[in-house]
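2 protein chains.
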Amino acid sequence: MKKLINSPDTVITDALRGIASAHPELTVDIENRVIARAEKVPDKVGLVSGGGSGHEPLHGGYVGHGMLDAAAPGEVYTSPVPDQILLATQAADSGAGVLHIVKNYTGDVLNFRMAAELAEDDDIRVVSVVTNDDVAVEDSTFTAGRRGTGGTIVVEKVAGAAATEGADLDTVARIATEANERSRSFGIALKAGTVPAAGKPGFELAEDEIEFGVGIHGEPGRERGKLAPLHELVGYALDAIHADLPVDGDVLVIVNGHGGTPLIELYGAFAEAVAWIEGHGARVARNLVGNYITSLDQEGFSITVTLLTDELTRLWDAPVSTPALRWGM
Amino acid sequence: MKKLINSPDTVITDALRGIASAHPELTVDIENRVIARAEKVPDKVGLVSGGGSGHEPLHGGYVGHGMLDAAAPGEVYTSPVPDQILLATQAADSGAGVLHIVKNYTGDVLNFRMAAELAEDDDIRVVSVVTNDDVAVEDSTFTAGRRGTGGTIVVEKVAGAAATEGADLDTVARIATEANERSRSFGIALKAGTVPAAGKPGFELAEDEIEFGVGIHGEPGRERGKLAPLHELVGYALDAIHADLPVDGDVLVIVNGHGGTPLIELYGAFAEAVAWIEGHGARVARNLVGNYITSLDQEGFSITVTLLTDELTRLWDAPVSTPALRWGM
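One line per chain: the protein sequences are Z and W, in this order.
If you read the first sequence in UniProt numbering, its first letter stands for residue 1, the second for the next number, and so on.
If you read the second sequence in UniProt numbering, its first letter stands for residue 1, the second for the next number, and so on.
It is worth saying that the hints were derived from the structure and are not from the lab.
One or more of the hints may lead you astray.
Taking lysine-lysine and the DSS-like style, the derived pairs with C-alpha atoms no more than 30 Å apart in a straight line are [as the list claims (entries may be wrong)]: (1) K200/Z with K2/W; (2) K200/Z with K200/W; (3) K226/Z with K200/W; (4) K226/Z with K2/W; (5) K40/W with K200/W; (6) K40/W with K2/Z; (7) K2/Z with K200/W; (8) K2/Z with K2/W; (9) K2/Z with K40/Z; (10) K200/Z with K40/W; (11) K2/Z with K200/Z; (12) K2/W with K40/W; (13) K226/Z with K40/Z; (14) K40/W with K226/W.
Ranges of calculated distance between the beta carbons of each label pair, as one might list FRET restraints [what the hints assert, rightly or not]: (15) E209/W with E25/Z: 36 to 44 Å; (16) E39/W with D250/Z: 19 to 27 Å; (17) A228/W with A198/Z: 41 to 49 Å; (18) M329/Z with D123/W: 38 to 46 Å; (19) R283/W with E75/Z: 27 to 35 Å.
Computed from a predicted structure; not experimentally measured.
C-beta: ideal position from N, C-alpha, C; glycine also.
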């Protein structure tokens, strides 16, 4: 295993030290592993997300104006613990309640639920929205039902914008739910990522083999197949999404790298996605192309499609200032 | 070779199609390979850069308000041709002259010079600044003298800010020169990138071996050595920089991924860089952590240090809106 690390034991702590130094607008509690906005916004619904590490910039990179108030990063590919999520919830709370945005993995759902109960004991009202946008498989290694992947970024952005506008907790939760319901994702891996503590790739693929429908922790997808030209891979992903939720009208498209795939290839994938979507009579109204929800050094990509409404477009366009997304201010 | 491409022949065209679709604020001439701002700013000094492709987001990702006016991407790791650079220069020209920002590689320097002569025939005044911030080696595979690498981003940012403020061509060139002279870089590779047309990595490293001082096209560095803990690698890079230009006062630090290295590791590297720099009595006043000048899917990182002045800090902080850098607006 070749990695830029001091040791597998210090990967998270070292990254959190780096995040703390790079982003003085954030407060990073390295010991308890909570990343929060340095300045609390009074009377705003707080937004908290979290999950295993290894998906950077998710979620810490989305803490800031117009998006999350706090994030709880667990060990690599491992859920944060309830006390840690409680601390993040307390950091995000300014009296208007807190939304938990939880990717649908069994450990995450359980630990966020326990944290929500602890927060209620603390008189913080919590509503949870579970994201499950990945159409690849029903049930998976760590999940009952569908997995939450790239759609989570859309949920965090639009819910964050709504909270920033002053919407109440139920409204913010309604918007988060709607964004999740209108988002679908599909991922394809060329080479698995390597968890530092494991020291070898999560799965092995032959030189001409790829995994269709891979999860963000290297969970198996629908099938293994042969490497094919990019337009066929993008077509496979979008066919899978379209079969589940027809791609129609104005859509937001995220072409996301898994961490080990360079931007030049992601732009090529985006070009093919636009061609596919326009060929199906829809319009790519908004986009992101880059590394937004990664799987360590995995080579591969995912596509997320969100069917926009006027309200979702407006909230997507609203100003945001976080380490990983910044516009309008 | 596993890549997300249609074929090695279409990599650049496919990426340019993607860039065109993703960024409507840019005009992309796919046939002639010029990326320019869709709206020309009257009476502003124009800024043009370019070079081989495979370093994305460099340079196309830095075209926009406050930075470049046009970029000319060549074939992968290959200089753009003079006619192409001339088109970029014409696109950038609005009557106040054009600055060419050229990374020091023999082909780039030659082709930009020819393009500058063609532009002068066209009554466009051109001044060129050649970047050569990489301290790793004197002379290299494609270069007489030092190579231009991460410092080029700093040069493009501060010169772009000066031009946006209304500075004249000589002033913009003076600031670009100063930013280059105050910047130093050093890169370390864990695994070489693969040029699509070549089909295999540019060089081979054993499982425990790394390249110290690697160039952005996989050129050899100072030596091959053993993989070591991250703080030692960062120390090696900063020692090399410090020996050439003492790290002192307020500095800008860019911890840059080569394309195949995930963000979690880059943040760890940044933490070690901050510790080293503070331990040497200097202060990290500004930073970037992420993929800013890549080498296809190469695994590794580089560190760029710029010794700031009040003027450089102000110009770095000035509003910028490009695909890859955006703040203040």
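Comparing the hints with the structure gives:
1. Of the supplied pair hints, the one linking K200/Z and K2/W holds, its CA atoms being roughly 19 Å apart against a limit of 30 Å.
2. Between K200/Z and K200/W the CA atoms are separated by roughly 22 Å; this keeps the pair inside 30 Å, and the hint holds.
3. The straight-line distance between the Cα atoms of K226/Z and K200/W is roughly 19 Å, inside the 30 Å bound, and the hint therefore holds.
4. Annotation: proposed proximity of K226/Z to K2/W holds, straight-line Cα distance about 10 Å (limit 30 Å).
5. For the proposed pair K40/W and K200/W, the alpha carbon gap of about 41 Å is over 30 Å, so the pair is violated.
6. Our distance criterion of 30 Å between C-alpha atoms is broken by K40/W and K2/Z, whose separation comes to about 46 Å.
7. Of the supplied pair hints, the one linking K2/Z and K200/W holds, its CA atoms being roughly 19 Å apart against a limit of 30 Å.
8. Only pairs whose Cα atoms come within 30 Å are accepted, and K2/Z paired with K2/W is accepted, the gap being roughly 19 Å.
9. Taking the CA atoms of K2/Z and K40/Z, the gap is about 40 Å. The hint is violated against a cut of 30 Å.
10. Distance check on the hinted pair: K200/Z and K40/W sit about 51 Å apart at the alpha-carbon level, beyond 30 Å; violated.
11. Between K2/Z and K200/Z, the direct Cα distance comes to roughly 10 Å. Compliance with the 30 Å bound is thereby established for this hinted pair.
12. A distance of roughly 40 Å separates the Cα atoms of K2/W and K40/W; the hinted pair therefore is violated under the 30 Å criterion.
13. Taken as a hint, the K226/Z and K40/Z pair is broken in the structure, with Cα atoms around 50 Å apart against an allowance of 30 Å.
14. Pair hint K40/W plus K226/W does not hold up; C-alpha atoms about 50 Å apart against a cutoff of 30 Å.
15. Range check, E209/W to E25/Z: Cβ separation about 39 Å, and the 36 to 44 Å hint holds.
16. At about 24 Å, the beta-carbon gap between E39/W and D250/Z stays in the expected band of 19 to 27 Å.
17. Hint check: A228/W to A198/Z, Cβ distance near 21 Å, so the stated range 41 to 49 Å is violated.
18. Between M329/Z and D123/W the CB atoms are about 40 Å apart, so this pair conforms to the stated range of 38 to 46 Å.
19. Between R283/W and E75/Z, the C-beta spacing of about 32 Å keeps the proposed range 27 to 35 Å intact.
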